[in-house]
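Peer 1: Spelled out, the chains give:
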Amino acid sequence: MTEWLERHIPKMVLAPSFAAVLVFVYGFIAWTAWVSLTRSRLLPKYEIDGLIQYERLFNAPRWDTAMSNLFVFGTLFILISMVLGLMLAILLDQKIRTEGVLRTIYLYPMALSLIVTGTAWKWIMNPGLGLEAMVRGWGFESFTFDWVINPDKAIYAVVIAGVWQASGFVMALFLAGLRGVDGEIIKAAQVDGIPAWRIYTAIIIPSMAPIFLSAFIVLAHLAIKSFDLVIALTGGGPGYATDLPATYMYTMAFSRGDIGQAASSAMVMMGVVFAIIVPYLYSELRAKHD
Amino acid sequence: MTDVTLAPAAAANSRNWSHFALRWTLFTLLGLFALFYLMPLFVMITTSLKSLEEIRTGSLIAFPREVTFDAWRTAWSEACTGIQCEGLRPYFWNSVVIAVPAVAISTMLGAANGYVIAQWRFRGANLVFSLMLFGCFIPFQVVLLPMARMLGLMGLAGSIPGLIFVHVTYGIGFTTLFFRNFYVTIPQDLVKAAKVDGAGFFRIFWSIFLPLSLPIIVVTVIWQFTQIWNDFLFGVSFSQAGTQPVTVALNNIVNSTTGVKEYNVDMAAAIIAALPTLLVYAVAGKYFIRGLTAGSVKG
Numbered sequence: 004m005t006e007w008l009e010r011h012i013p014k015m016v017l018a019p020s021f022a023a024v025l026v027f028v029y030g031f032i033a034w035t036a037w038v039s040l041t042r043s044r045l046l047p048k049y050e051i052d053g054l055i056q057y058e059r060l061f062n063a064p065r066w067d068t069a070m071s072n073l074f075v076f077g078t079l080f081i082l083i084s085m086v087l088g089l090m091l092a093i094l095l096d097q098k099i100r101t102e103g104v105l106r107t108i109y110l111y112p113m114a115l116s117l118i119v120t121g122t123a124w125k126w127i128m129n130p131g132l133g134l135e136a137m138v139r140g141w142g143f144e145s146f147t148f149d150w151v152i153n154p155d156k157a158i159y160a161v162v163i164a165g166v167w168q169a170s171g172f173v174m175a176l177f178l179a180g181l182r183g184v185d186g187e188i189i190k191a192a193q194v195d196g197i198p199a200w201r202i203y204t205a206i207i208i209p210s211m212a213p214i215f216l217s218a219f220i221v222l223a224h225l226a227i228k229s230f231d232l233v234i235a236l237t238g239g240g241p242g243y244a245t246d247l248p249a250t251y252m253y254t255m256a257f258s259r260g261d262i263g264q265a266a267s268s269a270m271v272m273m274g275v276v277f278a279i280i281v282p283y284l285y286s287e288l289r290a291k292h293d
Numbered sequence: 006m007t008d009v010t011l012a013p014a015a016a017a018n019s020r021n022w023s024h025f026a027l028r029w030t031l032f033t034l035l036g037l038f039a040l041f042y043l044m045p046l047f048v049m050i051t052t053s054l055k056s057l058e059e060i061r062t063g064s065l066i067a068f069p070r071e072v073t074f075d076a077w078r079t080a081w082s083e084a085c086t087g088i089q090c091e092g093l094r095p096y097f098w099n100s101v102v103i104a105v106p107a108v109a110i111s112t113m114l115g116a117a118n119g120y121v122i123a124q125w126r127f128r129g130a131n132l133v134f135s136l137m138l139f140g141c142f143i144p145f146q147v148v149l150l151p152m153a154r155m156l157g158l159m160g161l162a163g164s165i166p167g168l169i170f171v172h173v174t175y176g177i178g179f180t181t182l183f184f185r186n187f188y189v190t191i192p193q194d195l196v197k198a199a200k201v202d203g204a205g206f207f208r209i210f211w212s213i214f215l216p217l218s219l220p221i222i223v224v225t226v227i228w229q230f231t232q233i234w235n236d237f238l239f240g241v242s243f244s245q246a247g248t249q250p251v252t253v254a255l256n257n258i259v260n261s262t263t264g265v266k267e268y269n270v271d272m273a274a275a276i277i278a279a280l281p282t283l284l285v286y287a288v289a290g291k292y293f294i295r296g297l298t299a300g301s302v303k304g
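So the sequences go chain by chain: E and V.
To get the working numbering, take the position in the first sequence, counting from 1, and add 3.
To get the working numbering, take the position in the second sequence, counting from 1, and add 5.
Don't take every hint at face value.
27 Å max Cα-Cα, derived BS3-like pairs, lysine-lysine [said to hold, decoys possible]:
#, chain 1, residue 1, chain 2, residue 2
1, E, 98, E, 14
2, V, 291, E, 14
3, V, 197, E, 14
4, E, 98, V, 200
5, V, 266, E, 156
Chain V stretches covered by chain E per the calculated footprint, using a threshold of three residues with CB under 8 Å from any CB of chain E [stated by the list, open to error]:
#, segment
6, 48-55
7, 216-225
Keep in mind the hints are simulated off the structure, nothing from the lab.
C-beta: ideal position from N, C-alpha, C; glycine also.
Kindly produce the complete structure, drawing on both the sequences and the hints.
Peer 2: This is the structure in structure tokens:
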């Protein structure tokens, strides 16, 4: 009996957590998938009725806006954060005495809630009293910076705030990568008289490919889940100009009472995340086994 | 002879000069970026210390002419979040009451799970770990609807225990990952030797693994605390009037449409909501960064 217990205790310790994950992650995904195939409105119904919710979704102009916003926001957010992060990392890697302080400054936004970030930038970009008013006060009367209230530009305002929050983190990832590059190779290249920029473009950056991938995965993940930032900065507006799939899903679930739409939009989000994460996780887990 | 001695000196001189110009450019760039990252914090602090009158007439980046803490008092105890006007204080405590047990429970579960997965390997352990790891990555929108119903069935809808439950449930994936990756670096011979000496599962954990775990406990606690304190999605989906966390209350204060827009109060409220995580970052930034990078470079 004791021996049996001793042998099975590890599994028994793990079991409750694993059961919770099975039910609350996989079971719930299955529930949402199921409901996305029904005519559920205010209350869930369980009779499967084909892809009607997805048809409604893809015919909704608002969902269209949300998806193209995700594409614009995601692309710019990831690209600018990566470029800025890499640049800062390289600049910081030049044996700067104040590196510690600068690193702390570049990275602190990552400790903030996106609601705080959104609130701060909403105020800074406030046309009447913020940056616009400030620059006009300097004598540039025609200066306009009304992105947060301009339906065509509001999504770029979200990009600015997002980059501000996340680029320091990318910097930290890259800096760790730069420090991990084999010093001997760099020394050899220096002895050969290869200029510093060539050492970066030909040796260091190519050897950091896995870090680019990690940074991309994290940023893409942040972009798809982005909800708080849009809510705090623009509330999805003006109109629904800055709606993202996440805000669309939330609106359908909690203010429109349209559970079918909420479920189907959540499943599409899930699909997008899967398409990015699964190949990555698969290769990571497999690499560890080899 | 003179030529020979002069030439290197001149070359060194010009090399020095270009080196100096390069360093100067470097520091200018680094300084400008530092300003970019600091500017919002600076603006938040100065705005929160100004009167509304000064905000309307002055410039965004000007220092306050007259420092006043009225906005801070209003934000803490008087500002309106919808129909209630009690400031952030009750919601700040809600967040504390949610975060402390949720962090503690999810960290303990993560330690136990990580210990099992890394040191007591059984058939299927890898599959279990992969399935748990995957749970970290799902967009939470996909579980919002069923979770809302489940909390209702459990009688926890809109309650603080309900939010604690949600945060623990979706936090154990990450905490397990952190501890597993830490324990996997400890040689398995240690467990074998302890078993030979007659120590059991729990004894080995308490006497050998836990004393080694301080760094990873700090990383996990900081990570979980930051995640849970800064959470908005679960907070706004699963709370009701009296149980909202501070992020939801902050958003309500900022986006409440009644009355005059008090930007100084908004900024003071934002700083109050950010203070705990900023403090953690200031005190234990090293561990915060380790958690971030551990959370992104997985496997």
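Peer 1: Straight-line Cα separation of residue 291 of chain V and residue 14 of chain E no greater than 27 Å?
Peer 2: Violated, at about 34 Å.
Peer 1: When I compare C-beta atoms, does the segment 216-225 of chain V have three or more residues closer than 8 Å to chain E?
Peer 2: Violated, because only 0 residues of the segment 216-225 of chain V bring their Cβ atoms closer than 8 Å to Cβ atoms of chain E.
Peer 1: Would the pair residue 266 of chain V and residue 156 of chain E pass a check requiring their Cα atoms to be no farther apart than 27 Å?
Peer 2: holds, 24 Å
Peer 1: Is residue 197 of chain V within 27 Å of residue 14 of chain E, Cα to Cα?
Peer 2: Holds, because 18 Å separates the two Cα atoms, which is no more than 27 Å.
Peer 1: Decide if the proposed pair is consistent with the structure: residue 98 of chain E and residue 14 of chain E, CA atoms, cutoff 27 Å inclusive.
Peer 2: violated, 50 Å
Peer 1: Does residue 200 of chain V lie within 27 Å of residue 98 of chain E when you go C-alpha to C-alpha?
Peer 2: Roughly 49 Å between the alpha carbons, so the hint for residue 98 of chain E and residue 200 of chain V is violated.
Peer 1: Quick check: do three or more residues in the segment 48-55 of chain V have a beta carbon closer than 8 Å to a beta carbon of chain E?
Peer 2: holds (count 3)
Checked against the numbered hints given earlier, the structure breaks hints 1, 2, 4, 7 and satisfies all the rest.
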